[in-house]
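Position chain B against the provided structure of chain A, taking the given hints into account.
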Amino acid sequence: MIRFLVNRLLGMAVVLFLVCLFTFVIFFVLSPDPAVQICGKNCSVEAIDQIRANLGLDQPFWAQFWTFISGLFAGRTYGTGANMIECAAPCLGYSFQSSQPVTDMILQRLPVSATVAIGAAVLWLLAGVGGGLISAVREGRFADRFITGLSLTGMSIPNYVLGLSLQFLLVVTLGWLPFPQAVPFGEDPAQWFANFLMPWIVLSIGAAAVYTRLTRANVIETLQENYVRTARAKGLSPGLVWRRHALRPALTPIVTIFGMDFAGLLGGALITETVFGLNGVGKLAADSITKNDQPVIMGVTLLAAFLVVVGNMVVDLLYTTIDPRVRVGSTA
Amino acid sequence: MSATETQALLRVRGLTVAFPTARGNVDVVKSLDFDLARGSALGIVGESGSGKSMTSLAVMGLLPKGAIRTGSIEFDGTELTALREREMQSIRGDRIAMIFQDPLSSLNPYYTVGTQIAEAYRSHRRGVTRRQARAVAIEAMERVHIRDAARRVDHYPHQFSGGMRQRVMIAMTLSMEPDLIIADEPTTALDVTVQAQILDLLAEIRADTGAGLVLITHDLAVVSEVTDHIVVMRDGGLVEQGAAERIFCDPQEAYTRMLLDAVPRIDDEIGLLRTMTAAQEDR
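Chains A and B are the protein sequences, given in the same order. In terms of the numbering used here, the first sequence opens at residue 5 and continues consecutively. In terms of the numbering used here, the second sequence opens at residue -8 and continues consecutively.
What the hints contain is simulated information worked out from the structure, not anything from laboratory work. Since this is a predicted model, take the numbers as computed values, not measurements. Even for Gly, the Cβ is constructed at its ideal location relative to N, Cα and C. Some hints here could point you the wrong way.
Looking from chain B toward chain A, a few residues come up when the C-beta cut is under 7 angstroms (computed) [stated by the list, open to error]:
hint : residue
1    : T12
2    : L53
3    : R83
4    : G84
5    : M89
6    : S96
7    : S97
8    : Y101
9    : A111
10   : S114
11   : D145
12   : Y147
Here are the simulated lysine to aspartate or glutamate pairs, EDC-like style, with alpha carbons at most 16 angstroms apart [unchecked claim]:
hint : chain 1 : residue 1 : chain 2 : residue 2
13   : B       : K56       : A       : E229
14   : B       : K56       : B       : E76
15   : A       : K295      : A       : D37
16   : B       : K56       : A       : D37
17   : B       : K56       : B       : D18
18   : B       : K21       : B       : D226
19   : B       : K21       : B       : E231
20   : B       : K56       : A       : E225
Okay, chain A solo, but in the shape it has when bound (with noise of 0.2 angstroms):
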């Protein structure tokens, strides 16, 4: 078990270093010069080598790519002297827009997308796992092919095109939504309900249909297995046929893709979050991509990678809880 953990970890750190690695050399080789960026319009040759030497940009590769991983981990500082900066770990630069440090523009963002991604992912687990389970028990009946009919819609709709007609059907022509404001949760409850309850319908359209078709399909496929016909043989009803033989193992792997979807979801949601205007980390991407503010950009980059990360070796570990067959090895 210990060594599992340890070649998970040792596994992650790898997977991390390389995304790292790879965003910087895309940076590094195929931006334009940050420095000229920064300078702005009327600007000396002087003024941008001093931003350069400011930046750390005029060291050579490995050594830059060094700074930025050092400043991870240690923090690292930015120009000498009296016009030293001091950013501490996990230091991922200042934005060249706005000079602000960019893991404090991310802090800041990221409650606003963890509470899209949680709403969007408890509304996606009801509707996908409830819907795929109704479907199962009513397999070829009325029910079942409109819930079937009904995910393959919501697979095909576009967030955008979902996002933007809810947001024209709900809030402007039925007036059933308030026109969203931006407050915290303990001013007005009710306002930031209804100020999430659109994106989290959006986001979780297409989740739910991918985990209804999924539930359903594990669902139909367990309850053939012969351990299911084993557990009627022993005379057990319907329902604990249902809930302890079919349920289990059919839930099993939706653990696994939920554990992924849901910490992909963390690091923001581009789309989303940029339609209804919500300031999250998804925003903050996409606004910065327009900008080209490299250091905010890369810094998302790497907290998606590794929110995904985690995620998976959360999902691994709770697998070896729930299958035995992870867990303990054949000793027989």
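Relative to the frame of chain A, chain B by itself:
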């Protein structure tokens, strides 16, 4: 009442199992009759597709969805075909137990064998505590000669070998002390030495509990060791039936003789093992 002594434990009359298809119903079991006397063992023999397994599932009331069952199945004086699903549930596992072919896939990988043995017991005997059911499970495992049962009871199916898994399946049926055990190809997935052990175990349990046994197999060597009475099936129909000795020594039908000839014997000349020719198959 002395009549119950002579009354058959299982009395099947005109059992037909059909599946509806686009071109009408297809009968997979055709008007089958047989009896199983109390405490005796019956072998149902036939090649794959002969309807043996469907016969056993029909008795259990576990036919696949859409299957149509007609005819009469009388178990210990009760007409099973007339029972509701709920009433059938209380008979399944409790009075008629079943052992399946592939013990690994027939056990749920997510639960310990102890849990799986105990759950039938708990669902049939109301008010049994977890601890009591566990004790029953351990005792059942001891009866099928699983060593160190008190420890093994907490192990998962994948931690057992094939033969041991089948012992677990048998322990599962034993814990309920059923009147009838239906074993559907119980040794087919096991290697030869283990097969013999499992057959011995079935015989031992029958001697101990007096339970009736229906043994379904394609392997005549298997039935010859365990059963008193043999039913030979082909294409869903009855070919012949009779006392085991009579079937072996004096088969009446050509098909039975062919099955017997396909069993290798130690006194056979090398190279003379007969198989069914294509012409005979087409018969």
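Minimum beta-carbon distance criterion (7 angstroms), M89 of chain B to chain A: 4 angstroms, holds
Restraint status (C-alpha distance of K56 of chain B to E229 of chain A at most 16 angstroms): With a Cα-Cα distance of about 14 angstroms, the restraint between K56 of chain B and E229 of chain A holds, given a limit of 16 angstroms.
Minimum beta-carbon distance criterion (7 angstroms), L53 of chain B to chain A: Holds, about 6 angstroms.
Pairwise hint evaluation, D226 of chain B against K21 of chain B, where the allowed Cα distance is 16 angstroms at most: Distance of about 8 angstroms is within 16 angstroms: holds.
D145 of chain B as an interface hint toward chain A, with CB separation required under 7 angstroms: Since chain A brings no Cβ nearer than about 10 angstroms to D145 of chain B, farther than 7 angstroms, the hint is violated.
Hinted contact T12 of chain B with chain A - closest CB pair below 7 angstroms: At 17 angstroms from the nearest chain A Cβ, T12 of chain B fails the 7 angstroms test, so the hint is violated.
Pairwise hint evaluation, D37 of chain A against K56 of chain B, where the allowed Cα distance is 16 angstroms at most: 69 angstroms, violated
Hint consistency between K56 of chain B and D18 of chain B [alpha-carbon to alpha-carbon, up to 16 angstroms]: Roughly 15 angstroms between the alpha carbons, so the hint for K56 of chain B and D18 of chain B holds.
Holds or violated: K21 of chain B to E231 of chain B, with C-alpha atoms at most 16 angstroms apart: Roughly 13 angstroms between the alpha carbons, so the hint for K21 of chain B and E231 of chain B holds.
Status of the hint placing S97 of chain B at chain A (closest C-beta pair under 7 angstroms): At about 4 angstroms, which falls below the 7 angstroms cut-off, the nearest Cβ of chain A leaves the hint on S97 of chain B intact, so it holds.
Distance restraint between K295 of chain A and D37 of chain A, which requires alpha-carbon spacing of 16 angstroms or less: At roughly 13 angstroms apart (the allowed maximum being 16 angstroms), D37 of chain A and K295 of chain A satisfy the hint.
Hinted contact R83 of chain B with chain A - closest CB pair below 7 angstroms: For R83 of chain B, the interface hint holds, since the closest Cβ of chain A sits about 4 angstroms away, which is under 7 angstroms.
Hint check: violations occur at hints 1, 11, 16; the rest are consistent with the structure.
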